[in-house]
Amino acid sequence: MQVPAPFEYERATSVDQAIGLMERLGSSARLVAGGHSLLPMMKLRLANFEYLIDINPLHDELGYIRVGADEVRIGALTRHRELLESAELAAAFPIFRDAERVIADPVVRNRGTLGGSLCQADPSEDLSAVCTTLDASCVIRGPGGAERVVSMAEFHVGPYETAVADGEILTEIRLPRRPGHGSAYEKVERRAGDWAVVSAGAAVWLGADGTIADARVGLAAVGPNTTGIPEISDTIKDQAPSEALYEQAGAIAARSCDPATDQRGSADYKRHLADELTRRTLRKAVERARS
Amino acid sequence: MTTVHEPKLTTFDDNDQKPVGHGRMLRKEDPRFLRGRGRYTDDVQLPGMLHLAILRSPFAHARILSVDISAAEASPGVKLVVTGAMLAEKGLAWMPTLSNDVQAVLATDKVRFQGQEVAFVVADDRYAARDALELIDVEYDVLDPVVDARRALEPDAPLIRDDLAGKTNNHVFDWETGDEAATAAVFASADVVVTEDIVYPRVHPAPMETCGAVADFDAIDGKLRLWSTTQAPHAHRTLYAIVAGIPEHKIQVIAPDIGGGFGNKVPIYPGYVCAIVGSILTGKPVKWMEDRSENLISTGFARDYLMRGEIAATRDGKILAIRTNVLADHGAFNGTAAPVKYPAGFFGVFTGSYDIEAAYCKMTAVYTNKAPGGVAYACSFRITEAVYLVERIVDCLAYELDMDPAELRLKNFIQPEQFPYETKTGWVYDSGNYEPTMRLAMDIAGYADLRREQAEKRARGELMGIGISFFTEAVGAGPRKDMDILGLGMADGCELRIHPTGKAVVRLSVQTQGQGHETTFAQIVAEEIGIPPADIEVVHGDTDQTPFGLGTYGSRSTPVSGAAAALVARKVRDKAQLIASAMLEVSVADLDWVKGAFQVKGDPSKSVTIQAIAMRAHGAGDLPDGVEGGLEAQICYNPSNLTYPHGAYICVVDIDPGTAQVKVRRFIAVDDCGTRINPMIIEGQVHGGLTDGVGMALMEMIAFDEDGNCLGASLMDYLIPTALEVPDWETGFTVTPSPHHPIGAKGVGESATVGSPPAIVNAVVDALKPFGVRHADMPLTPSRVWDAMRGQATPPI
Numbered sequence: 001m002q003v004p005a006p007f008e009y010e011r012a013t014s015v016d017q018a019i020g021l022m023e024r025l026g027s028s029a030r031l032v033a034g035g036h037s038l039l040p041m042m043k044l045r046l047a048n049f050e051y052l053i054d055i056n057p058l059h060d061e062l063g064y065i066r067v068g069a070d071e072v073r074i075g076a077l078t079r080h081r082e083l084l085e086s087a088e089l090a091a092a093f094p095i096f097r098d099a100e101r102v103i104a105d106p107v108v109r110n111r112g113t114l115g116g117s118l119c120q121a122d123p124s125e126d127l128s129a130v131c132t133t134l135d136a137s138c139v140i141r142g143p144g145g146a147e148r149v150v151s152m153a154e155f156h157v158g159p160y161e162t163a164v165a166d167g168e169i170l171t172e173i174r175l176p177r178r179p180g181h182g183s184a185y186e187k188v189e190r191r192a193g194d195w196a197v198v199s200a201g202a203a204v205w206l207g208a209d210g211t212i213a214d215a216r217v218g219l220a221a222v223g224p225n226t227t228g229i230p231e232i233s234d235t236i237k238d239q240a241p242s243e244a245l246y247e248q249a250g251a252i253a254a255r256s257c258d259p260a261t262d263q264r265g266s267a268d269y270k271r272h273l274a275d276e277l278t279r280r281t282l283r284k285a286v287e288r289a290r291s
Numbered sequence: 001m002t003t004v005h006e007p008k009l010t011t012f013d014d015n016d017q018k019p020v021g022h023g024r025m026l027r028k029e030d031p032r033f034l035r036g037r038g039r040y041t042d043d044v045q046l047p048g049m050l051h052l053a054i055l056r057s058p059f060a061h062a063r064i065l066s067v068d069i070s071a072a073e074a075s076p077g078v079k080l081v082v083t084g085a086m087l088a089e090k091g092l093a094w095m096p097t098l099s100n101d102v103q104a105v106l107a108t109d110k111v112r113f114q115g116q117e118v119a120f121v122v123a124d125d126r127y128a129a130r131d132a133l134e135l136i137d138v139e140y141d142v143l144d145p146v147v148d149a150r151r152a153l154e155p156d157a158p159l160i161r162d163d164l165a166g167k168t169n170n171h172v173f174d175w176e177t178g179d180e181a182a183t184a185a186v187f188a189s190a191d192v193v194v195t196e197d198i199v200y201p202r203v204h205p206a207p208m209e210t211c212g213a214v215a216d217f218d219a220i221d222g223k224l225r226l227w228s229t230t231q232a233p234h235a236h237r238t239l240y241a242i243v244a245g246i247p248e249h250k251i252q253v254i255a256p257d258i259g260g261g262f263g264n265k266v267p268i269y270p271g272y273v274c275a276i277v278g279s280i281l282t283g284k285p286v287k288w289m290e291d292r293s294e295n296l297i298s299t300g301f302a303r304d305y306l307m308r309g310e311i312a313a314t315r316d317g318k319i320l321a322i323r324t325n326v327l328a329d330h331g332a333f334n335g336t337a338a339p340v341k342y343p344a345g346f347f348g349v350f351t352g353s354y355d356i357e358a359a360y361c362k363m364t365a366v367y368t369n370k371a372p373g374g375v376a377y378a379c380s381f382r383i384t385e386a387v388y389l390v391e392r393i394v395d396c397l398a399y400e401l402d403m404d405p406a407e408l409r410l411k412n413f414i415q416p417e418q419f420p421y422e423t424k425t426g427w428v429y430d431s432g433n434y435e436p437t438m439r440l441a442m443d444i445a446g447y448a449d450l451r452r453e454q455a456e457k458r459a460r461g462e463l464m465g466i467g468i469s470f471f472t473e474a475v476g477a478g479p480r481k482d483m484d485i486l487g488l489g490m491a492d493g494c495e496l497r498i499h500p501t502g503k504a505v506v507r508l509s510v511q512t513q514g515q516g517h518e519t520t521f522a523q524i525v526a527e528e529i530g531i532p533p534a535d536i537e538v539v540h541g542d543t544d545q546t547p548f549g550l551g552t553y554g555s556r557s558t559p560v561s562g563a564a565a566a567l568v569a570r571k572v573r574d575k576a577q578l579i580a581s582a583m584l585e586v587s588v589a590d591l592d593w594v595k596g597a598f599q600v601k602g603d604p605s606k607s608v609t610i611q612a613i614a615m616r617a618h619g620a621g622d623l624p625d626g627v628e629g630g631l632e633a634q635i636c637y638n639p640s641n642l643t644y645p646h647g648a649y650i651c652v653v654d655i656d657p658g659t660a661q662v663k664v665r666r667f668i669a670v671d672d673c674g675t676r677i678n679p680m681i682i683e684g685q686v687h688g689g690l691t692d693g694v695g696m697a698l699m700e701m702i703a704f705d706e707d708g709n710c711l712g713a714s715l716m717d718y719l720i721p722t723a724l725e726v727p728d729w730e731t732g733f734t735v736t737p738s739p740h741h742p743i744g745a746k747g748v749g750e751s752a753t754v755g756s757p758p759a760i761v762n763a764v765v766d767a768l769k770p771f772g773v774r775h776a777d778m779p780l781t782p783s784r785v786w787d788a789m790r791g792q793a794t795p796p797i
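Same order as they appear, the protein sequences are chains A and B.
Its first residue numbered 1, the first sequence is counted upward by one per residue in this note's numbering.
Its first residue numbered 1, the second sequence is counted upward by one per residue in this note's numbering.
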């Protein structure tokens with residue numbers, strides 16, 4: 001049995017109390033939400049923290065999906081399972097259900113959270129790719145209730161590194177809604193529940209004339225952090241959807257990413273997948289936007 | 001859901017008819033497992049028990065300069081810290097392996113693989129023990145490792161085993177079988193010769209329960225009790241007696257419930273020895289349970305054979321000869337678990353199920369800086385490698401001849417009248433009737449329809465593959481004159497006692513790890529003696545309670561101990577007949593055995609049940625002259641030959657041309673393991689083995705980087721398949737009894753693990769035929785399949 005080094009444990013009673021604890025304890029403390037990344041790392045003694053602050057008691061405060069006309073707001077402690085099962089969210093952004101279906105397994109999805117996924121900042125993480133695709137912004141609360149809002153690009157500073165500083169908590173993810181939306185997510189994995197070899201999300205917003213008013217593609221596992229590719233958006237914007245256009249987008253995805261060869265696959269293969277999955281998800285996103 | 005091609009199976013009720021003997025019935029042991037009442041090694045709690053943790057090497061190859069344990073000794077809760085140097089003072093730093101090599105218990109001079117045992121801590125609890133490990137300061141001088149077996153024998157390769165006197169290279173052994181000259185002659189004149197380099201990469205058994213032990217040495221009476229995760233408690237006891245110098249009668253090895261073995265629990269691991277030493281030195285019971293990473297990086301792996309296969313045939317598809325050259329990677333210590341005279345296990349059956357003119361194998365085994373072993377993993381002693389080689393190379397031949405692989409196999413099978421059949425490498429196949437088995441698999445699959453569907457799909461650019469493998473296994477070692485492990489002959493004892501009320505206890509020398517012995521062996525005895533299986537207690541896994549035998553691995557339980565159980569029951573029945581003759585006042589010759597009773601010939605009204613006989617045997621009444629009281633017997637069964645089960649497997653895969661992901665759509669497995677004792681248990685064994693096969697073919701591999709770091713140290717990195725990767729298994733069977741086994745049974749535990757990987761790989765390669773692919777090595781991950789599609793297939797190592 002793998003056992004972690006000694007640590008102190010405290011259950012949070014409110015967001016502000018947790019922030020107070022974090023502020024006092026500094027980098028020796030870590031929040032635990034679902035714990036499916038943190039606890040294995042602690043058991044393997046790859047991560048050692050003196051204090052764990054359990055924010056699961058804050059689910060009432062931080063676990064919600066609020067679908068508004070212009071924006072969807074999701075609390076950081078919303079579980080994968082809640083994201084998977086929300087019909088409202090699936091209607092607003094079908095990409096979420098696509099992604100949640102291929103994230104880990106039911107045991108992990110029952111416990112793991114959106115905020116935890118983003119804060120883990122694993123370059124292979126699926127919800128980071130989803131949020132990048134949807135141009136999400138992240139609400140970070142700090143001491144004294146001060147809030148700041150950052151884009152996904154700003155949020156992920158590097159692998160396993162985020163803009164959340166000591167004494168701060170990611171509290172909410174905001175997703176802007178625009179008309180004519182369709183989105184999709186596809187993941188290639190070696191086995192069900194594995195991390196992505198490569199995955200891709202695509203979101204499109206069609207204009208009244210059927211051309212692409214805006215489009216975004218987010219890729220996971222092909223670089224130091226989940227990668228949004230602005231060149232794809234620039235290239236296909238204002239174009240009529242077509243196979244040739246998807247091919248063009250795929251080619252940009254392949255050359256814009258920076259995958260590494262590892263046990264999951266060769267860099268060449270991953271580039272190929274970036275291309276293939278970009279085309280597949282754009283195609284499906286457009287189909288969904290039209291229907 | 002599973003499709004079973006067997007008459008009479010209609011409802012769940014049929015699954016538990018409680019036959020008095022062979023037949024489908026639920027497992028007697030399952031209630032305790034299903035209710036969480038199994039008792040595994042880690043469940044053993046003894047008063048005052050301490051916990052042991054092992055410090056392991058972070059390097060694949062390094063000289064140990066110093067080990068400082070002072071801080072660890074001062075850590076809270078720590079009772080004992082032991083290094084290799086301290087063990088060396090007691091003569092315990094090295095121990096023999098199962099292949100007459102030696103292995104370090106704790107490293108003294110060098111570490112030779114990442115994860116090797118360097119020191120251990122015994123503490124009040126497992127947390128304190130782990131915390132103290134971090135306080136042990138080991139100074140290493142890192143050396144160049146040998147990672148690639150192909151480089152091991154190069155003149156400038158680093159020397160791994162400088163502990164062995166006079167050793168100047170990394171050579172372990174050379175081995176050959178067959179007739180080199182005769183084979184060369186056949187190859188020289190053959191119409192067609194196909195050569196292919198075929199790699200069976202390193203895989204790991206990864207049982208759900210990791211390895212562990214609880215040692216309890218009583219200094220007063222000098223007795224050592226050892227609960228441990230062992231597939232061979234008796235063999236282990238003898239080896240502990242030899243290694244540790246504790247008299248054998250003062251050692252009790254207990255294998256409690258075991259959460260999967262698959263060969264992983266055949267060897268003696270350093271951790272077991274450390275637990276024993278820890279208990280002797282502290283005077284307390286000591287528990288050691290390794291964690292998942294320790295299990296994956298340090299315990300017995302399997303395979304790691306780099307094989308060059310060659311096959312010679314006529315233009316019309318008659319196979320003439322098979323030749324192979326193998327480079328075997330045995331890791332840092334040769335810990336192969338195989339009969340001593342068989343350093344390559346039973347790899348000699350690489351001629352498969354085919355009647356050929358000549359065969360030859362030349363093998364070289366080398367040391368590398370990787371975990372030791374070459375152990376097992378449901379391999380029937382290397383038959384997995386042999387079957388993979390022959391079934392892959394036969395498919396390569398089919399490709400070259402542009403011949404249907406089923407047709408090619410059917411054309412070359414050993415024919416039923418040729419059995420017993422001696423192969424060109426000297427193995428005597430006991431019985432077989434291959435064509436009906438193959439035809440049944442093809443019928444279940446709808447083979448012709450599948451080929452039609454494939455043709456249509458190919459025309460549309462879709463990738464569908466149909467793979468076949470036909471295997472012959474060799475299981476049930478001994479005979480003892482040929483087969484021993486460190487001098488212990490591979491024969492099995494069995495003891496049967498009938499209690500006065502007609503209930504029974506049968507004591508086995510083999511140990512179950514999930515195979516269902518408590519049910520199967522009760523059924524074997526029930527069939528012979530007529531007592532219901534529910535009335536027969538099966539005792540196993542405790543050396544103080546059971547007769548000597550070599551243990552459960554290599555699918556040997558039913559072929560060897562199963563035979564012993566049947567024969568001991570017949571021995572008891574013979575005695576019962578003597579008593580029955582007195583009870584019925586007729587001569588022995590005038591009695592007929594009807595299951596469960598003896599009756600007077602021609603007068604069914606006069607009979608006595610086995611239960612009544614048992615009471616008489618223990619009662620106050622007279623017994624015939626020369627007959628002692630009691631109704632019990634013991635035997636030791638020495639098999640006259642191995643048993644040779646066979647099977648035909650057909651796999652259907654679809655490959656996504658865009659992502660190269662393989663989906664196993666169908667899998668048809670027709671097994672012939674002779675007489676079937678409990679068909680439900682056989683199906684369970686087959687399902688498990690097939691799932692294993694999907695893992696090996698598509699995802700499993702213990703990989704290393706160039707520094708010798710193990711890249712498969714967790715189940716996140718070492719993938720094993722889930723229910724989502726496997727199809728609904730379609731199983732069927734034929735029955736060709738073994739002529740020498742008392743009930744005609746053959747082993748089946750490993751058939752599916754042996755037979756399924758080639759079927760899956762053959763299916764993937766078949767799907768890739770439009771790309772001109774003739775071979776691609778496991779594991780066929782999407783990335784590797786994509787490489788193959790582009791003509792860039794590479795070996796995985």
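Any given hint could turn out to be false.
Said to hold, decoys possible - Keeping only pairs whose Cα atoms sit at most 25 Å apart, straight-line, the calculated BS3-like set for lysine-lysine is:
#, chain 1, residue 1, chain 2, residue 2
1, B, K457, A, K284
2, B, K503, B, K28
3, B, K18, B, K28
4, B, K663, B, K457
5, B, K18, A, K284
6, B, K595, B, K28
What the hints assert, rightly or not - A short, non-exhaustive set of chain A residues, derived as facing chain B with CB atoms under 10 Å:
#, residue
7, Q2
8, E8
9, E10
10, R45
11, A47
12, Y51
13, T171
14, R174
15, A254
16, D258
17, A260
18, G265
The hints are simulated quantities; they were obtained by calculation from the structure and are not laboratory data.
Bear in mind that the values here come from a model prediction, so they are computed numbers and not experimental data.
C-beta: ideal position from N, C-alpha, C; glycine also.
### Query
Is it true that the CA of K18/B sits at most 25 Å from the CA of K284/A?
Violated. K18/B to K284/A sits at ~55 Å, over the 25 Å cutoff.
For the hint on T171/A, does the least C-beta distance to chain B fall short of 10 Å?
violated, 29 Å
Hint G265/A vs chain B: min CB-CB distance below 10 Å? Check passed: Cβ of G265/A comes within 3 Å of chain B, closer than 10 Å.
For the hint on R174/A, does the least C-beta distance to chain B fall short of 10 Å?
violated, 32 Å
Margin query: Interface hint check: A254/A, Cβ to nearest Cβ on chain B, cutoff 10 Å. Holds or violated?
Written below: For A254/A, the interface hint is violated, since the closest Cβ of chain B sits about 13 Å away, which is over 10 Å.
For this session: Measure nothing beyond the straight line between the CA atoms of K18/B and K28/B; if it is 25 Å or shorter, mark the hint as holding.
Result: Distance ~10 Å between K18/B and K28/B Cα, so the pair holds.
ask   = Are E8/A and chain B close enough, Cβ to Cβ, to be under 10 Å, as the hint says?
value = violated, 14 Å
query = CA of K457/B to CA of K284/A, is that 25 Å or under?
reply = holds, 24 Å
- Message: Next item in the hint list is Y51/A. Is there a CB on chain B closer than 10 Å to its CB?
- Response: violated, 17 Å
How about A47/A: closest beta carbon in chain B under 10 Å, or not? violated, 14 Å
Tell me if Q2/A is really an interface residue toward chain B, meaning its C-beta lies closer than 10 Å to one of theirs. holds, 4 Å
25 Å limit on alpha-carbon distance, applied to hinted pair K663/B and K457/B: Distance ~15 Å between K663/B and K457/B Cα, so the pair holds.
In terms of the numbered hints stated before, the structure departs from hints 5, 8, 9, 11, 12, 13, 14, 15, 16, 17, listed from lowest to highest.
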